[in-house]
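2 protein chains.
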Amino acid sequence: MIATLSDIESMEKSFRTNLINHLSGGKAVHLLGTFNKHGQSNLAIFSNVIHVGANPAMIGILFRPVLNDSHSYKNIQANKRFTLNQIPASMVQAAHQTSARYPSNTSEFEACGIEEEIIPEFEGPFVKNSLVKMGLIWEEEHVIKTNQTILIVGKIQYISVEDSILLPDGHIDLEKAQSVSAGGLDSYYQLNKVAQFPYAKVSADASHEPRRNS
Amino acid sequence: MIATLSDIESMEKSFRTNLINHLSGGKAVHLLGTFNKHGQSNLAIFSNVIHVGANPAMIGILFRPVLNDSHSYKNIQANKRFTLNQIPASMVQAAHQTSARYPSNTSEFEACGIEEEIIPEFEGPFVKNSLVKMGLIWEEEHVIKTNQTILIVGKIQYISVEDSILLPDGHIDLEKAQSVSAGGLDSYYQLNKVAQFPYAKVSADASHEPRRNS
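So the protein lines, in turn, are chains H and F.
Heads up: the first sequence begins at 1 in our numbering, then just goes up one per residue.
Heads up: the second sequence begins at 1001 in our numbering, then just goes up one per residue.
No wet-lab data here; the hints were simulated from the structure.
No experiment lies behind these values; they were computed from the predicted model shown.
Please note that a few of the clues may not be correct.
[To be verified] Label pairs and their computed distance ranges (CB to CB):
1) F:Ile1150 x H:Pro168: 50 to 56 Å
2) H:Thr4 x F:Asn1068: 32 to 38 Å
3) F:Glu1123 x H:Ser164: 26 to 32 Å
4) H:His38 x F:Phe1015: 23 to 29 Å
5) F:Thr1146 x H:His38: 27 to 33 Å
[Claimed, not checked] Sample of chain H residues lacking proximity to chain F, with all beta carbon distances greater than 12 Å (derived):
6) Asn36
7) His38
8) Ser47
9) Thr98
10) Asn129
11) His171
Quick reminder that beta carbons are idealized off the backbone N, C-alpha and C, glycines included.
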């Protein structure tokens, strides 16, 4: 299929939504945990997550335009704190269910049967059975003018990685972790490692640092 | 492993780089094609790609802080046009090699053995053997203050998806496409579909639209 701008603009709405959401490929997906001002926990699935930097350690999440039921966004505004939890394949159905419109006085942990974990090191609701968890503090945010989505950048304050999937060099074995990536809005994929390469160098030039963003 | 902020700050540098780059999980990864002002093509691998919106159709890419050899960023500044091309598993080694520091007068297409495709519908170098290709125009950008990385948001002007992986509802079969996702800076994973779910609804409330960002 070939589509130009006018083709894209005239596509049937749900076809376009599915298609455009798949163009980015297999995307990082997380469960984002927050508390509201009454201490009520909230959990929601987000597939628009990017690595922003390793030092300081930062991650960005894109939020849709703020509406009355944007609980995660509003909780972060209020508390400046949130958690991100990788999703193992065994939890994918419950994780997807967090995207339903639960009222603000309902915890998706309870409603979706996901075990909540509270720890002394970081104030935020974690997903107990996630193998890779982070606690973050709001650092900055940017409104995308064209569609009013909002990129929140958080600084990582706390990390928990199950020992069995952490390699000595800092890699995480995402296949062994059975972590999922998302395709579009409703599909989930498990990861099978196909390759790992050394830092790429121009053949006659072995002295340079790698060019990739870190 | 549990790490607090002071633990993270005192980690050995390459361990921290690997670890933090893996926390986001299996990430969308693309080959980004540009032309410089002399018409010289450039191709570089980017794993910090997010879906921004379906209507208008937009994608964001995070660039590291601008340096002399930030060819992709500078070319986009000059031409406002770029392409994104999903990476099939068969091309992953050549795709990774584009991250080497080639001089500005070298095309990574040639240097890495990746076939370039020029089309009449959109001015930009595409990856011929990619099954999912987009042509985008620069729409806006945002500097992340904390580390000077730059989010460029592009509006999708042109889409090419191989017919054999496009489903009637607009989904792309990322498993059949053999698309890869990235783990950290140097690992690549193929995708095996584990689940697809209907729009999640609160059980007693079937009338609402889904809450997920589209």
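Structure-based check of all given hints:
no., hint, verdict
1, F:Ile1150 x H:Pro168: 50 to 56 Å, "33 Å, violated"
2, H:Thr4 x F:Asn1068: 32 to 38 Å, "36 Å, holds"
3, F:Glu1123 x H:Ser164: 26 to 32 Å, "49 Å, violated"
4, H:His38 x F:Phe1015: 23 to 29 Å, "40 Å, violated"
5, F:Thr1146 x H:His38: 27 to 33 Å, "30 Å, holds"
6, Asn36, "16 Å, holds"
7, His38, "20 Å, holds"
8, Ser47, "7 Å, violated"
9, Thr98, "7 Å, violated"
10, Asn129, "15 Å, holds"
11, His171, "5 Å, violated"
Figure legend: structure checked against the earlier numbered hints; hints not met, in rising order: 1, 3, 4, 8, 9 and 11.
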